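These are the residues of each chain, in order.
Number of protein chains: 2
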Amino acid sequence: MLFSRISRIRRAGSNGCRWFLSQKPHLQFLNPPAYSYSSTHKEQNDPFSLVADELSIVANRLRSMVVTEVPKLASAAEYFFKMGVEGKRFRPTVLLLMATAMNISLLEPSLRGPGDALTKELRARQQRIAEITEMIHVASLLHDDVLDDADTRRGIGSLNFVMGNKLAVLAGDFLLSRACVALASLKNTEVVSLLAKVVEHLVTGETMQMTTTREQRCSMEYYMQKTYYKTASLISNSCKAIALLGGQTAEVAMLAYEYGKNLGLAYQLMDDVLDFTGTSASLGKGSLSDIRHGIITAPILFAMEEFPQLHEVVDRGFEDPANVDLALDYLGKSRGIQRARELAKKHANIAAEAIDSLPESNDEDVRKSRRALLDLTERVITRTK
Amino acid sequence: MLFSRISRIRRAGSNGCRWFLSQKPHLQFLNPPAYSYSSTHKEQNDPFSLVADELSIVANRLRSMVVTEVPKLASAAEYFFKMGVEGKRFRPTVLLLMATAMNISLLEPSLRGPGDALTKELRARQQRIAEITEMIHVASLLHDDVLDDADTRRGIGSLNFVMGNKLAVLAGDFLLSRACVALASLKNTEVVSLLAKVVEHLVTGETMQMTTTREQRCSMEYYMQKTYYKTASLISNSCKAIALLGGQTAEVAMLAYEYGKNLGLAYQLMDDVLDFTGTSASLGKGSLSDIRHGIITAPILFAMEEFPQLHEVVDRGFEDPANVDLALDYLGKSRGIQRARELAKKHANIAAEAIDSLPESNDEDVRKSRRALLDLTERVITRTK
Numbered sequence: 071m072l073f074s075r076i077s078r079i080r081r082a083g084s085n086g087c088r089w090f091l092s093q094k095p096h097l098q099f100l101n102p103p104a105y106s107y108s109s110t111h112k113e114q115n116d117p118f119s120l121v122a123d124e125l126s127i128v129a130n131r132l133r134s135m136v137v138t139e140v141p142k143l144a145s146a147a148e149y150f151f152k153m154g155v156e157g158k159r160f161r162p163t164v165l166l167l168m169a170t171a172m173n174i175s176l177l178e179p180s181l182r183g184p185g186d187a188l189t190k191e192l193r194a195r196q197q198r199i200a201e202i203t204e205m206i207h208v209a210s211l212l213h214d215d216v217l218d219d220a221d222t223r224r225g226i227g228s229l230n231f232v233m234g235n236k237l238a239v240l241a242g243d244f245l246l247s248r249a250c251v252a253l254a255s256l257k258n259t260e261v262v263s264l265l266a267k268v269v270e271h272l273v274t275g276e277t278m279q280m281t282t283t284r285e286q287r288c289s290m291e292y293y294m295q296k297t298y299y300k301t302a303s304l305i306s307n308s309c310k311a312i313a314l315l316g317g318q319t320a321e322v323a324m325l326a327y328e329y330g331k332n333l334g335l336a337y338q339l340m341d342d343v344l345d346f347t348g349t350s351a352s353l354g355k356g357s358l359s360d361i362r363h364g365i366i367t368a369p370i371l372f373a374m375e376e377f378p379q380l381h382e383v384v385d386r387g388f389e390d391p392a393n394v395d396l397a398l399d400y401l402g403k404s405r406g407i408q409r410a411r412e413l414a415k416k417h418a419n420i421a422a423e424a425i426d427s428l429p430e431s432n433d434e435d436v437r438k439s440r441r442a443l444l445d446l447t448e449r450v451i452t453r454t455k
Numbered sequence: 071m072l073f074s075r076i077s078r079i080r081r082a083g084s085n086g087c088r089w090f091l092s093q094k095p096h097l098q099f100l101n102p103p104a105y106s107y108s109s110t111h112k113e114q115n116d117p118f119s120l121v122a123d124e125l126s127i128v129a130n131r132l133r134s135m136v137v138t139e140v141p142k143l144a145s146a147a148e149y150f151f152k153m154g155v156e157g158k159r160f161r162p163t164v165l166l167l168m169a170t171a172m173n174i175s176l177l178e179p180s181l182r183g184p185g186d187a188l189t190k191e192l193r194a195r196q197q198r199i200a201e202i203t204e205m206i207h208v209a210s211l212l213h214d215d216v217l218d219d220a221d222t223r224r225g226i227g228s229l230n231f232v233m234g235n236k237l238a239v240l241a242g243d244f245l246l247s248r249a250c251v252a253l254a255s256l257k258n259t260e261v262v263s264l265l266a267k268v269v270e271h272l273v274t275g276e277t278m279q280m281t282t283t284r285e286q287r288c289s290m291e292y293y294m295q296k297t298y299y300k301t302a303s304l305i306s307n308s309c310k311a312i313a314l315l316g317g318q319t320a321e322v323a324m325l326a327y328e329y330g331k332n333l334g335l336a337y338q339l340m341d342d343v344l345d346f347t348g349t350s351a352s353l354g355k356g357s358l359s360d361i362r363h364g365i366i367t368a369p370i371l372f373a374m375e376e377f378p379q380l381h382e383v384v385d386r387g388f389e390d391p392a393n394v395d396l397a398l399d400y401l402g403k404s405r406g407i408q409r410a411r412e413l414a415k416k417h418a419n420i421a422a423e424a425i426d427s428l429p430e431s432n433d434e435d436v437r438k439s440r441r442a443l444l445d446l447t448e449r450v451i452t453r454t455k
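Chains as they are written, first to last, in the working numbering: chain A, 71 to 455; chain B, 71 to 455.
Rather than coming from a laboratory, the hints here were simulated on the basis of the structure.
The hints are all genuine.
The calculated SDA-like cross-link candidates involving lysine to any residue, where the alpha carbons are at most 25 angstroms apart (straight line), are:
1. A:LYS455 x A:GLY364
2. B:LYS142 x A:GLY387
3. A:LYS267 x B:LEU211
4. A:LYS267 x B:ASN130
5. A:LYS403 x A:ARG453
6. A:LYS142 x A:VAL155
7. B:LYS142 x A:ASP218
Predicted model only: the values in this text are computed from it and were never measured.
Chain A extracted, bound-state conformation (with noise of 0.2 angstroms):
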């Protein structure tokens, strides 16, 4: 029985944002791990490049799918898929190494039969889910540079800021319509319906973010919900689309979902981090750019707890640098940062322990991906940029 080696997933304490995590589902496992994350497995295949290949594969229909007749369009479209100004890619990575950790079709030979063209069939689909997701990732960062006004992104000139906001707008559309042209293709309805319910999360946490309250700017939960819609429901959403289209079990498609969501928000934390600190690890040398902006974000939450003077500062604004640097300061008394960090990683293990808890496999390419997903719950805690 494929199943009968899942490991239990602890259990996170309790770390200030006690109702996020007690969002996890239902999932009681019973015995240990099939293996666990260990130092052993660093040594394994970069996550990347071991996806390297169907990564261009990827990228090249991305390109080919934002092709339209209307030429402004189609330069706004392409805008974000051409070479070179293609991001880290790291949605299509874990999506892709997901497909291979949850094959069941690699992982029982046996059970292959004439199925071969199925294989390729079902890998299509997947892969085709790693390039909607990129769509609908592309689109509202498109959006979102309308809204911030910014001037940059990947290193070169925002959308919005070379064709104008018009176009920036229509192209964010176009490729939200040509998204939901291709999850249509994939006729499965439960999945169309996951990714149709990702955007209205994009535009949720874009909203909580834009129309706080007083009181919704110093809560650790709302931040942590915010964060859900922002960052981590796309990645969950599209991991657990890829095991559903792959026909596993709602409990299999529950650890997809849990290691995405997990993942996402340490991510999302680190950043959060990295903002204050920059490469350098040292307070005050990150961007600031949350802070200036009035983006009040986990390390500020945890100092506030242990100096509720803090809200005083929070609420006078952050236009006056003075401000910024008082914030700072309180900042750097408190545990913020450390505890920040702390939750990251928390976040990282439930990660890794939804890939502990897959069902068993002896197959090579089967746990060389999973070992390279694990690999990615460490590099999301100890990435500098």
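Fit chain B to the known structure of chain A by using the hints.
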């Protein structure tokens, strides 16, 4: 056999937009119309009052479909669904009438069997198409108003004017995502694909209008293609979706599509005429908003065929009001308004013929709905606002 009396759709003659009419599908039906459009049907029920109760159901459900926990997003999303600012509800009216006009289970009561619940279920699904269509329509209005920097809509402040561009962009995205979730719930991937394609068309049409070259601005072909994308695609494809959900044949679905497409084109052509004439039917009494925004529509395109000198005027642009007056002079001397009206009439007739070509029915509800759909083809070309 239900399809024993499918009538022939007459080909429209040459009228300066051959390209577009040549796109008409392979509709080769053999028999005369089951009944023809005549003055007698005018005495029948008003199309809008025929579906008034159902329109209220749709309106209520729309309000409940856009509910969200984030207060600002909720106000923004429901803005144009509130009582009194729901617009003419032209699309849901057409779609509900079309649903009855094609309802096979109504055509043949003997076929209903134990399926009365099924009939209700189908009707609810068809109503959902009307709701989704309205959501897509309003989403496109919200984004268009941001692009055009419009300050009013439906007699009240535009959403961007009242709540700012950011919330208007986000509310548009939100409505699209909710429309997509609702679409997925219908569990019919052909319908998902059809309406996702419409969103792409709306974006494409808007971009075509925004980025015309000198030649394109003077091309009737380009104008008709843009008009299809911006106006006719939504109503035609949602009419087709109503047919597909009803389990109709590809031929009947195509008739529904043809009705929607040609009604939409007729509507827009008359809109273009009214922009010049207003209610008074005399030139220059309309709002002249198209030409003042540099948008060249059918009346001017026809006038150009008679007076090639008009090209130069168009090339100079319309920032100078004297140039607008000059264009109006040429238009007044030409048959531009008249030919645009004739073209609208031609498309209205094709729409009416599509209804005449539907499988014969003796059911009074079906016949009433068909008469109402025919009535709309007349209202569209005789309307003065």
